[in-house]
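Q: If you want the building blocks of each chain, they are given just below.
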Amino acid sequence: MYRALADAVAPSDLRLPFEHSCKAYRELEEIVGEADILLPPPDYTFNPGVHSKPIQFATQVAYSERDRLGLGLLEPIENLFRLFDDRGIKIFRRVIEDHDVYGISAFSPEYGACIFVNAANTVERQIFSLAHEYGHALMHRSFYKSTAPAAGLAKDHELELMANQFGVCFLVPELSLREVYLRDIGDKQIGVEDVVHMKRLFRVSAKMMIERLSDLSLVPRKEGSRLFEEIEKHQDPKKEFVPLSDELIKEWEDNSRFLHLLKRGLLGGMVSLGKFAELMNVSLVEARQAVQSWRKEISFAQA
Amino acid sequence: MHKLETTSVSVDSSVVVDFHLTGNLPFFENAFAGRMLMSDFVEDELGESQIRVLGAEIIPLTKDEEWNFFAQLRKRKRGLGAGELGGITVAKFDNASLLTNDRQARQTADEVGIGQVVCVLDVLVSMWSSEEKLSNKLGHQTTCTPSRASQWNKCL
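Chains as they are written, first to last, in this note's numbering: chain A, 410 to 712; chain B, 92 to 247.
Rather than coming from a laboratory, the hints here were simulated on the basis of the structure. The C-beta atom is built at its ideal place from N, Cα and C for all residues, glycine as well. Mixed in with the good hints there might be a few duds.
[Said to hold, decoys possible] Simulated DEER-style distance windows between Cβ atoms:
(1) Gly678(A) / Gly125(B): 31 to 41 Å
(2) Arg165(B) / Asn664(A): 23 to 33 Å
(3) Ala162(B) / Gly458(A): 40 to 50 Å
(4) Gly125(B) / Leu448(A): 50 to 60 Å
Can you build the whole structure from these sequences, using the hints too?
A: Next comes the structure, spelled out in structure tokens:
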């Protein structure tokens with residue numbers, strides 16, 4: 410099943426490459442003998458008939474998952490892409506302009522959790538989409554029923570609200586935010602510069618940070634609205650206020666698990682040039698050039 | 092006479108791409124004119140990079156036996172792409188030599204009993220020896236061959 414974060418249905422020109430990428434990743438794992446090496450993320454199945462408090466459920470899952478991943482409840486997450494990738498979550502990024510799709514997820518026992526993130530969005534949005542979709546993969550596994558693509562859910566659908574809550578708590582745990590607030594702001598009046606400091610620390614959007622501060626009553630609602638307005642005055646509606654650099658995503662992409670397996674397969678003679686092009690969905694010339702640059706990289710490293 | 096000078100060859104994409112990237116595709120086309128077989132899978136792969144090889148006879152798989160062979164190979168050799176598998180299938184059923192740079196493709200070709208499997212270096216040796224014979228006949232040594240060979244070494 411596919412899920413779009415916004416109310417939009419995932420466009421077919423996106424579904425097919427996503428499906429191709431999920432299959433290619435699995436096939437590569439099998440070719441190089443790395444399939445099923447990593448445990449899939451645990452199943453925290455949400456059952457609407459049994460669990461009467463979905464938001465609290467999502468909060469608990471977020472904290473439990475942080476604990477399982479060794480993150481605790483205090484430290485901000487440095488690089489969510491790297492964190493999930495290292496645990497075998499299959500993450501794909503691609504620029505999809507003119508679509509309100511932020512993220513899409515799929516889950517199957519064979520492929521595990523696969524998440525697509527629209528690279529056209531801000532870095533903050535991409536990080537949140539990744540956490541949101543991961544929440545779906547943990548809590549709503551039983552809803553990934555069909556192999557056929559399904560429409561996105563309405564923004565206020567219970568499952569979407571749960572995934573949002575998961576994302577918020579996973580990225581900005583209450584305890585952590587309270588500690589930072591007490592330490593860095595305390596009794597002083599909060600200003601926009603403080604919001605910028607905290608959004609950078611937790612790697613979320615300025616608006617999400619203000620909402621989180623208000624939800625936890627660290628900042629009164631009225632004060633939150635003032636900060637919101639102040640930010641909107643200076644912000645291009647399509648851009649993030651004081652955006653994060655995309656370095657963290659680049660750093661992950663340049664050394665992702667998929668790329669590592671591909672390099673190992675190719676340089677170890679397990680993956681041919683033609684297969685490489687198939688898996689990467691690139692032309693042979695592009696594949697050849699990539700191989701040459703990898704070979705150079707290694708020979709420089711050995712020199 | 093070098094073994095490559097007479098037999099027909101089934102080429103795979105990796106070899107053509109290397110000749111293309113070093114600007115020597117016409118030289119390659121000339122060397123195998125009239126005896127170059129190309130699986131349509133290879134043709135498709137090259138087409139994605141807008142590479143066309145002049146003088147290659149395009150060989151589609153038409154018989155059940157060929158398709159079964161291709162499908163079984165695809166299952167067994169998951170690290171090979173459609174082009175390499177197509178090239179091996181054509182070599183097998185058209186009794187041609189296989190021209191590929193890929194180690195796994197060469198091993199597979201050996202396993203399925205393809206008589207002759209060669210890579211770019213073999214092609215270079217063949218071309219070099221032909222040119223040497225020609226230059227000996229003409230009474231002087233060609234000067235272009237060593238530089239061409241070093242160009243290929245860089246590419247490999």
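Q: When the structure is checked against the list of hints, which entries are broken? Sort them ascending.
A: none
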